[in-house]
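**Q** Chain by chain, the residues run as shown.
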Amino acid sequence: MALALVVLNLPGSLSARLKLGIGSVFLPMAGLVRSADHLAGSASATVASRGDLEQQNEALRRENQELKVRSTLSEGLERDNARLRQLIGWRQRQKLQLRLANVVLREPSNWWLSLEIDLGSRDGITTNRPVLNADGALVGRVAAVRLTRSQVVLLGDPNVHVAAVVENETRDMGVIGASGPVVNGLVELGYLARSANLKPGQTVRTSGQGGIFPADILIGQVVDLPVEDNSGNIARVKLAARLDALEAVWVLGE
Amino acid sequence: MSAPHLIFLLAAAYLTVFLEAAWGGARHLLGAQIDLLPALMVYAGLSGGPVAISLLAFAGGLLFDSISANPMGISVIPLLAVGFGIHAGREFILARQFFAQATLGLAASAVCPAATLILLMSGGHRPLVGWGTFWQLGVMSLAGALASPLFFRLFSTLDRALIHRRAPETSFRSDREIRRGRG
Chain A
12 MALALVVLNL PGSLSARLKL GIGSVFLPMA GLVRSADHLA GSASATVASR
62 GDLEQQNEAL RRENQELKVR STLSEGLERD NARLRQLIGW RQRQKLQLRL
112 ANVVLREPSN WWLSLEIDLG SRDGITTNRP VLNADGALVG RVAAVRLTRS
162 QVVLLGDPNV HVAAVVENET RDMGVIGASG PVVNGLVELG YLARSANLKP
212 GQTVRTSGQG GIFPADILIG QVVDLPVEDN SGNIARVKLA ARLDALEAVW
262 VLGE
Chain B
334 MSAPHLIFLL AAAYLTVFLE AAWGGARHLL GAQIDLLPAL MVYAGLSGGP
384 VAISLLAFAG GLLFDSISAN PMGISVIPLL AVGFGIHAGR EFILARQFFA
434 QATLGLAASA VCPAATLILL MSGGHRPLVG WGTFWQLGVM SLAGALASPL
484 FFRLFSTLDR ALIHRRAPET SFRSDREIRR GRG
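Those protein sequence lines, which keep their order, are chains A and B. Take the position in the first sequence, starting the count at 1, then add 11; the result is the number in my numbering. Take the position in the second sequence, starting the count at 1, then add 333; the result is the number in my numbering.
Simulated from the structure, these hints should not be mistaken for laboratory data. Errors might be hidden in some of the hints.
Claimed, not checked - For lysine to any residue, the following SDA-like pairs were computed, each having C-alpha atoms within a straight-line distance of at most 25 Å:
no., chain 1, residue 1, chain 2, residue 2
1, A, 249, B, 465
2, A, 249, B, 466
3, A, 249, B, 361
4, A, 249, B, 460
5, A, 249, B, 364
6, A, 210, A, 172
7, A, 249, B, 468
8, A, 210, A, 184
9, A, 249, B, 467
Start from the sequences and build out the full structure, keeping to the hints where you can.
**A** Structure below.
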């Protein structure tokens, strides 16, 4: 028991090293599971019919062409935006880089919302980088970085607070806070003004305040009317990202 | 508990924690992730000694905390307390009975997470707790009640299949055989 108390009271850096060292014993197992997944995926690809593959290929080719056109158009818009920002003296937005990461392990306890990804400090990941799902909706932020892996805390965890803005006429601002212990994709949007004019279905995005999350990242939609609380009004937001079905995520870097 | 038994126990702890972190099906279906380490501790508490209990608590608890957002070592203390508690009362427990194994699994799987939560909150952490926590504790307890007898059967099967037992010596000695008849 005394040894357990010593471990519990280790200094932060030593505790983090111990966590890294012990946690790395799961790496071979996680790699094995991923290889098995790949093998199963490639096995199913070999038995797919030629017709299905051709159809899929055609759909992907069309989608690729459409995305290329959109990318060219948005490059033009980006240039216009940069020129206008320069004209009125606004600070240029930083170019953001995306790094694709695989989810290797999930939080085994019921009282935190986190997961482990297969990118670490070796890949240039730093703490507090925003993390998005495949569709670009906000998932959380990087909380701890190890050499080859990082821990991501998810939206709804008590350690994640995101400054958010509601897309309505008054552009009401609030802070995304914790969810309930049972994960159902709902989080609280707190610190809303008492005059906030929220309606179900309105989109919620990051406001860019707070310095961690850039503006305009999709968070979710308001699901009910706000109720009064000590610290202002509180509404519930249905997250756009399905946190229980994440297999790969994008880590935003500068 | 022999060395092979201890190896089985530690391997089971490793696989249990890995499956909890790799498979989120229970959380998806039931809204609660199942933790089988307390049920494993019931087996260690009834079948093993202080060494087995300490090894399982430290290995299992530290493995669990290493991939969780928990502070390192917080899961060890409830596991140790449950293990030594069961070990202290093992002479009064019908360890081979399914009912006893299931009841202890149920109780241990409720006490361990509840104690971890209390330790977290008393240490200034703010874990996700609410009315849903009672549901989660209920699901974890039921899973522990089912898993505990299964662990007893699993280790008994492994014991029979993989551990060599020395054949018991008989009292028969060929040099002392009394030969009857004419010779």
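**Q** Now tell me if each hint is right for this structure.
**A** Each hint, compared with the structure:
With a C-alpha separation of about 18 Å, the suggested pair residue 249 of chain A and residue 465 of chain B falls inside the 25 Å cut-off, and the hint holds. With a C-alpha separation of about 20 Å, the suggested pairing of residue 249 of chain A with residue 466 of chain B holds against the 25 Å cut-off. A distance of roughly 17 Å separates the Cα atoms of residue 249 of chain A and residue 361 of chain B; the hinted pair therefore holds under the 25 Å criterion. Taken as a hint, the residue 249 of chain A and residue 460 of chain B pair is honoured in the structure, with Cα atoms around 21 Å apart against an allowance of 25 Å.
For the proposed pair residue 249 of chain A and residue 364 of chain B, the alpha carbon gap of about 17 Å is at most 25 Å, so the pair holds. Between the alpha carbons of residue 210 of chain A and residue 172 of chain A the distance comes to roughly 22 Å, so the proposed pair stays at or under 25 Å and holds. As the CA atoms of residue 249 of chain A and residue 468 of chain B are separated by approximately 22 Å, the hinted pair is consistent with the 25 Å bound. For the proposed pair residue 210 of chain A and residue 184 of chain A, the alpha carbon gap of about 14 Å is at most 25 Å, so the pair holds.
A C-alpha spacing of about 23 Å is found between residue 249 of chain A and residue 467 of chain B, which places the hinted pair at or below 25 Å, so the restraint holds.
The earlier numbered hints are all upheld by this structure, with none contradicted.
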